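Top to bottom, those sequences are chains L and X.
Take the first sequence: its letter number 42 is residue 42 in our numbering, and every next letter is one higher.
Take the second sequence: its letter number 67 is residue 67 in our numbering, and every next letter is one higher.
Simulated from the structure, these hints should not be mistaken for laboratory data.
Fair warning: this is a prediction, and the values are worked out from it, not measured in the lab.
Be aware that a few hints might be false.
[To be verified] Derived Cβ-Cβ restraints for the label pairs, each shown as a range:
(1) Q7(L) - V129(X): 35 to 43 angstroms
(2) K192(X) - G79(L): 30 to 38 angstroms
(3) K129(L) - K401(X): 17 to 25 angstroms
(4) E391(X) - P109(L): 21 to 29 angstroms
(5) P61(L) - E391(X): 36 to 44 angstroms
(6) T60(L) - E20(X): 19 to 27 angstroms
(7) N261(X) - C43(L): 14 to 22 angstroms
(8) P109(L) - N182(X): 51 to 59 angstroms
(9) K192(X) - E113(L): 31 to 39 angstroms
[Said to hold, decoys possible] Taking lysine-lysine pairs in the DSSO-like style, the calculated list, with each CA pair at most 30 angstroms apart, reads:
(10) K401(X) - K124(L)
(11) K191(X) - K47(L)
(12) K124(L) - K58(X)
(13) K386(X) - K214(X)
(14) K401(X) - K133(L)
(15) K5(X) - K32(X)
(16) K133(L) - K46(L)
(17) K46(L) - K192(X)
(18) K129(L) - K58(X)
(19) K47(L) - K214(X)
(20) K71(L) - K183(X)
(21) K183(X) - K47(L)
(22) K133(L) - K427(X)
(23) K61(X) - K47(L)
(24) K61(X) - K124(L)
(25) K191(X) - K51(L)
(26) K124(L) - K52(X)
Heads up, the beta-carbon is just placed ideally off N, CA and C, and yes, glycines get one too.
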Amino acid sequence: MVQQKLQVTLLTGRTIEQGVGKEAGKATQGYFESTTMAYMDICDMKKLGIKNQTNILVTTPNGSVVLRAVKYPRGAMPGMIYIPYGPWANSIVSNETTSIGMPSFRGTPAEVEPAPDKPVLTLKELLMKQFGK
Amino acid sequence: MSIVKSVTCPVCGCLCDDIELTIEDGKVTQIKNGCAMCESKFLNYMTEHRTKTPLIRKDGKLVPVSYEEAIHKSAEILANASYPILYGWSSTDCEAQRVGVELAEEVGGVLDNTAVVCHGPSILGVQEVGIPTATLGQIRHRADLIIYWGCDPWSAHPRHLERYTSFTDGRFEASEWKSYLNKVKASVGMKKRSSVARRRGLYCESAETVSDNKPPETLNMPTHTVCVNNNPATMNKECVRTCTQGRKLIVVDVRKTMTANAADYFIQVKPGKDYEIMQAIRALVKEEELDVDEVGGVSVEYLEELVDVMINCQFGVIFFGMGLTQSAGKFRNVEDAISLIRDLNMRTKFVIIPMRGHFNVTGANTVFTWQSGYPYAIDFSLGYPKYNPGETTVVDILLRKESDAALVIASDPVSNFPRKAAEHLVKTPLIVIDPHMNVTAMVGDVVFPSSIVGIEKAGTAYRMDHVPLPLKKVVEPPEGFLSDEEILQRILEEVRRIKSQEKKGAN
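Next up, chain L with everything else stripped away, as it sits in the complex (with noise of 0.2 angstroms):
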């Protein structure tokens, strides 16, 4: 049966994409390509009845942001979202820092949902919603 929300944990981190994307220009399109994505499992994606490539809204405490989610290529990860580390990612990780400065970007929980109609944001518009700058 699709649900409408699925609960999972958020992850960010490295992938060799947004490295390469990072080190050619925060502005590119390899960059914004690497880092809007969000790797999720085959079978969570079934669970939300969403095909590969289809946006996804994310949604923590901290904010929510539409990204594109890809099918993990490696394995199983169930109940895990993967996003590469950017702005998008950022903008709903956790700044709880636990006393001792690292923000929490890794374990905290998070809200999927398929968005298909929703745009995924460039880097210029969700500076101005976020900096209105």
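With chain L held as given, fit chain X onto it using these hints.
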């Protein structure tokens, strides 16, 4: 056309120093030996994303100005601020970092670097229990058990395996590259067979399941056979040839990464359960019995086999990454990992190394410690260095909205900080020094272009194992461009001039 050999790559903490560059008409045109990120940096350093001139925000827009005007404006901001932040430092050379410490002290600001959102917890863990470590050269030549815990070097440090661990030929340990290729070929063959079977309707592939964490039978094979050749000249080669099983590679992570694909054994742990698993391993190393069947999603039976491999190796190493420092437990995970190494050293030889990200983040911690006594999060507002992570760390200061100006150099916190922290950074006057128009520069108030360290400026950087390496200047910077060090030095001089004038005025 000229070829420059032995160039140090200014991208990640591996600092590969075997890069060969072909220079034509003052530009890098070809790269040899580099990884994808290295090629991306050397081939794209002069694209349209390079900042061409200093910029100051006027009426909401960044407009071109001279270096003098930008330096004066920056000095004014810093001299008039009561609690400025000076953040970044990890993608520049030690020479610029040294001036940065002087500037932070002069303006009474908080000096912090990207370790705070990276391996800061590792530093805290090391401060708790110390660290038994080694250089990457030692590991390359001697380590017969490599463990990557919570890190994916294939993605973040692409040549780490090739240069320092499993896929390199050391003096006493052979490369496992060929056996990896054979494994890949076998896996491709398996996929083809299943694809044919599926097409013929003979086999229905089910969805991939989570790793069962069962160790392969080959894991416990002896790493070395007895070396029968006593001739010192050929002994090492003979030893390598008589090995039944060479270096072993184990990956521990919450998901199957590219590195895990190359591993002899992949252990999939549940998110946030690293601390528990490490405690269980420590108990097993001390030959204690566990009264549970499973820890963190891994069967105790399999953990026992893992511990056997760890104890029976001759030289083991754990490389760890953000999987430990950014997950629940943070610095306690690292402290636990180091304590595990201490326990293992009662049985065999083991070391541990953090997988540092930026090419000179280790240098920043080293220079800051050498100059102030502390590695990061140093508060100079009282006139002397004060260090209290959680209070003087930049993310906490921003979340408490305490800072009133910021200088960001060689990093991109607006991309990498949680939104709430970035919001306050953007609200206060923001000075950005970076060769490229990164996200922080896009929302900055004063933006300096600088020459690129390791391409257009020579300098010094520290590899992840604390080995300092020289960075080369291979091409000339664009005409009139200043280096990070020169920009900081001139801002410092201008701050001192403004302060002395203010003192004269007050008198």
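**OP:** Could you tell me which of the hints above the structure violates, numbers in ascending order?
**Re:** Result: hints 5, 6, 8, 13, 16, 21 and 23 break, sorted rising.
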